Amino acid sequence: MDFEFTKEQEALREEFDEFFRKEMKHAPKEWAEGGLEAMYHTDEGFAFHDQMKKKLGKKGWLSRAWPKEYGGQDAPLIEQLIFNEVHAFHRAPGVDNFGVGMFAPTLMVGGTEEQKKRLLPPIARGEVQYCQGWSEPDAGSDLANLSTQAVREGDYYIVNGQKTWTTGGHRADHMFLLARTDPNSTRSRGLSIFNVKMDLPGIEVRPILYMDKGHITNDVYFKDVKIHASELVGKENEGWELTRQTMNFERSGVAGFVEGKRTIAELIDYAKAHKRNGKKISEDPVTRQKIAKLFIGLEVGQTLAYRINWEQQKGGLIFAASAASESKVFGSELSQQVANVSTEVLGMYGQLENSKWAPMDGKAATHYQFCVAANIFAGSSEVQRNLIAWVGLGLPRTK
Amino acid sequence: MNLDFTKEQDMLRKSVAEFLAKECPFETVKELEESEEGYNKKQWKKMAELGWMELYFPEEYGGMGDPIMNVMIIMEEMGKKAFPSPYFSTVVQCGLVLLEGGSEDQKKSLLPKIAGGKLLMSLAQYEEDASYEQAGINMPAEPAGDHYVLNGTKMFALDANVADKLIVAARVKDSGVTLFLVDAKAPGITTTKMPTIGMDNTCEIIFKNVKVPKEDVVGGPGKGWEILQKMFPKAVILKCAEMVGGCRETVDMTADYAKKRIQYGKPIGSFQAIQHYMANMLLGYDTSSNYLYKVCWMVQEGMDVSKEIHALKAHVNEQYKYITERGVQIHGGVGTTREFNMGLFYRRAKAYEYVLGDTQYHYEKLADALNM
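Same order as they appear, the protein sequences are chains A and B. Under this note's numbering, the first residue of the first sequence carries the number -15, and numbering increases by one thereafter. Under this note's numbering, the first residue of the second sequence carries the number 2, and numbering increases by one thereafter.
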C-alpha cells in the first residue's frame, strides 16, 4: 500500500497551483465571501467564473479526464483528484460541474456521434454553461416521481411542466432535462434526457432567493416548449438508466475537505492573533479541542476520498458508490461543524458579512447560512444514509 | 498511489484470521477473560511458531524484517476476534522500546526470546495520577553503588501479572526519566491484577527497595522519555489496528443481526432508524481504517506524523466507542448479555481508549501540533 504521488503528479499539482495562485489575484471583491453565491449572485462574480472557465478550457484542463476520442487526454482519475484539490484550495471558479462532470459523461455513454461532435467540444472549451433539470416541486429526494411531460409531435417534443431548485438556471445557456416521455409511465420508467437551450420560447426562469437573499437557485417553467428531436440524448424512455450509468467522474468529495482545511488554518491564525478577556483565543482549551476535532474530520475525510478515487479508478464501483455517499454525508455535516466552530471562535464578529469589521472576509457568516443547504442538495443526508445501508451493508431496501 | 494490500499481505491476513477462528472462538475469549492468566500458553506458543512475534524485528535479532504494516494486519485480525494475549505489551510495546533504545547486548539476548514466544514483558509507565505525560513519571530510582533502587507504585501496566520481565520508567535525580529492565519476580515487587472494564491483565505494581543493576538501564539515564516517544507512534498505530478490527467485526455482526431479527413482520434492518445508525457505523469504520492505513504507511516511510498520530488515536477512540454502543442498541436486550458477543467489543472500546492516550489527551496534543 502506498499513498505517494508520483513526481509527475507532484509537478502537475505545482502547475495547477501556480495557475490558480496567479489567477485568483484578479478575483473581484464579491468573490471573497465564498460559496456558490460568489459565483451565481452577482454579474461580476459570474463574469469571473466565466473568464476562468474559458482559460481552463484553453488549457484543456476541463476535459483532461475525458477519453481522447472526445477531445480529452485520458488522464487517470487521480489527476482529476489533484486538480480538484488545488482548485478547491484556491476556492477558484471556472468549472461548470453540470456540464463537465454530469452531462458530458452522459453524452459519451448515450449520445449519438452527431451529438458528441456538436455538444462536447463547447463544454471542453468552457464556452457553455449548463444547469440541471431534475428536481420538481413533487420530486426532490424522490426524483422518480417527476411529472414534467415531453410529448412527441412530428420532429419535436413539446415540453410542459416545472423544474425547481435549478442552481445557476439564471446564468446557464443550456439545461440537461429529465422529463417524462411516456405519459402512461410511472416512477423511473418512461423518462428521457434532453439537451435544452435556455433561450427557447416558453422557458421562464424565476429566482428562488436563499435565506440571505442570495440568488443561486431558480424555478424553471416550461410552457409548450418545442425541443427538436435531435436533442434527445440516449434512447427514448430510458433516461433513468443512462443517468445511473454516468457516475464515472471523480466523485470522491475531496474538494470539500481540502477547502475545509484551509478554513481551519485561517481560523487558527485568527485565534492566535486575537485576544478575548485578556487571553489569546487559541489558549482556550474548549476552542483548542473544537478545532482539533474539525482537523481530525477533515484528515480522515480526505483520506476516505483518496480511497474512493482509488476504487473508482480500478472499477470497484460498488464500494465507490457507497463510499461516495459516505463522503457526501460526512463532508456536508462536517462543513456545518466548521461553520459552527468558525462563528463561535469569531465571537460576535461571526455574524458579519460585507463589513470592514468582518474577519476572514465574512466567509464564516456566509458559510454558516449556506452549509445547511449542502445537507439537502445532491441527495439529502437521509437519502445518502439509506444508500450506504443498502449498498454498503446489504440491508433490505425501504419500500 | 496504490491503495491495495499485496498478495502476501492478503495471505497473511487470511492465515491469521483462520488461526484465530479455529483457536479462539468467542467462548474461549470469555473463558480467558475469566482466567487469572488472561491468555492461553498453548496458543501463544503456536503464534510464535507461525512467526507472528518475530515479524518486524530485524534479521540480526532473529526477526524477519517485515514492514510494520504486516504487524498492523495481524493486530486488525486479533481485534476482530477480541483476542486476549500479551502480544501488544510484549511484542509491540516492549519489543519496540528495546529496538529503539536497547543496547546490542539487550537486543541480542531479549529480542530472539520474544520472537520465540519464550519471554513475556510488560511496560510499567503510568503512576497514580494517571497522567500520560512525561511529568507524570515520578517514581524515584536512587543510585546506590553499581545499581539503582526503585521505590513506588506503577499503575495500569498491561500483562505485568504474567510477565517475566518489566520495563520500568522511573526518575533518576538530575538525569530525568530512565527505563529499567527489571525481573518481574525480583524481591520487593508485588503485582496485583486490577478488575477492569476490559477484563484484561491491567496491573498495579508496587516496588519496595527493588535493586536493579546499572547495566539493566535501557538507553542510558535520562533517555527514557525519548525512547518512549519513539515507541509511541508505532504502538499507537498497532493498538488502533486492533480497535479498527473490532469496529469491522461489530459492523458486520450488527448488520447480520439486523437482517435476521424480525419485528413487526420485517427484518429490523429494513427500518430507516436502524439503517441510519448503521450508515454512521460503516462511515466510522471506513474513515478509521483508511486513515489507519495512511498513517501506518507514513510511519513505514519514516515521515513525520506529529499531527496524524494524535488525529488517528482520537478518531479511532471515538469511532470504536460509537460503533459498539450503537451495536449494542441495535442488538437490543441480547446485546447487553454476557452470553452474546457484542459486550466483548463494547467493553474493549473503552479499555483501549485508555491505552496510549484517551481522546482528551490526543485532542490537546493535536492542538499543540497544530501550533495553537
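Simulated from the structure, these hints should not be mistaken for laboratory data. Honestly, I wouldn't trust all of these hints.
[Unchecked claim] Selected chain A positions facing chain B (Cβ under 7 Å, derived; list incomplete):
| # | residue |
| --- | --- |
| 1 | MET195 |
| 2 | ASP196 |
| 3 | HIS199 |
[To be verified] Here are a few chain B residues that sit away from chain A, every Cβ distance over 10 Å (derived from the structure):
| # | residue |
| --- | --- |
| 4 | SER16 |
| 5 | GLU38 |
| 6 | LEU111 |
| 7 | LYS267 |
[What the hints assert, rightly or not] Derived lysine-lysine pairs resembling DSBU-like cross-links, with alpha carbons at most 30 Å apart:
| # | chain 1 | residue 1 | chain 2 | residue 2 |
| --- | --- | --- | --- | --- |
| 8 | A | LYS263 | A | LYS245 |
| 9 | B | LYS31 | B | LYS215 |
| 10 | B | LYS308 | A | LYS274 |
| 11 | A | LYS274 | B | LYS224 |
| 12 | B | LYS212 | B | LYS109 |
| 13 | B | LYS174 | B | LYS215 |
| 14 | A | LYS256 | B | LYS224 |
| 15 | B | LYS194 | B | LYS15 |
| 16 | B | LYS308 | A | LYS(-9) |
| 17 | A | LYS298 | A | LYS340 |
| 18 | A | LYS(-9) | B | LYS212 |
| 19 | B | LYS108 | A | LYS264 |
| 20 | A | LYS100 | A | LYS219 |
| 21 | A | LYS210 | A | LYS181 |
| 22 | A | LYS219 | A | LYS263 |
| 23 | A | LYS245 | B | LYS231 |
| 24 | A | LYS259 | B | LYS15 |
| 25 | B | LYS114 | A | LYS298 |
| 26 | B | LYS109 | A | LYS245 |
| 27 | B | LYS8 | A | LYS298 |
| 28 | B | LYS186 | B | LYS47 |
| 29 | B | LYS186 | A | LYS263 |
| 30 | B | LYS109 | B | LYS46 |
| 31 | A | LYS245 | B | LYS114 |
| 32 | A | LYS274 | B | LYS215 |
| 33 | B | LYS186 | A | LYS274 |
| 34 | B | LYS174 | B | LYS108 |
| 35 | B | LYS119 | B | LYS267 |
| 36 | B | LYS261 | B | LYS212 |
| 37 | B | LYS174 | B | LYS231 |
| 38 | A | LYS52 | A | LYS197 |
| 39 | B | LYS174 | B | LYS261 |
| 40 | A | LYS256 | A | LYS197 |
Quick caveat: nothing in here was measured; it's all calculated off a predicted structure. We treat Cβ as the ideally placed atom computed from N, Cα and C, and that holds for glycine.
Tell me the numbers of any earlier hints that the structure contravenes, in ascending order. The structure breaks hints 1, 2, 3, 7, 9, 11, 14, 15, 17, 18, 19, 22, 24, 25, 26, 29, 31, 32, 33, 35, 36, 38, 39, 40; every other hint is satisfied.
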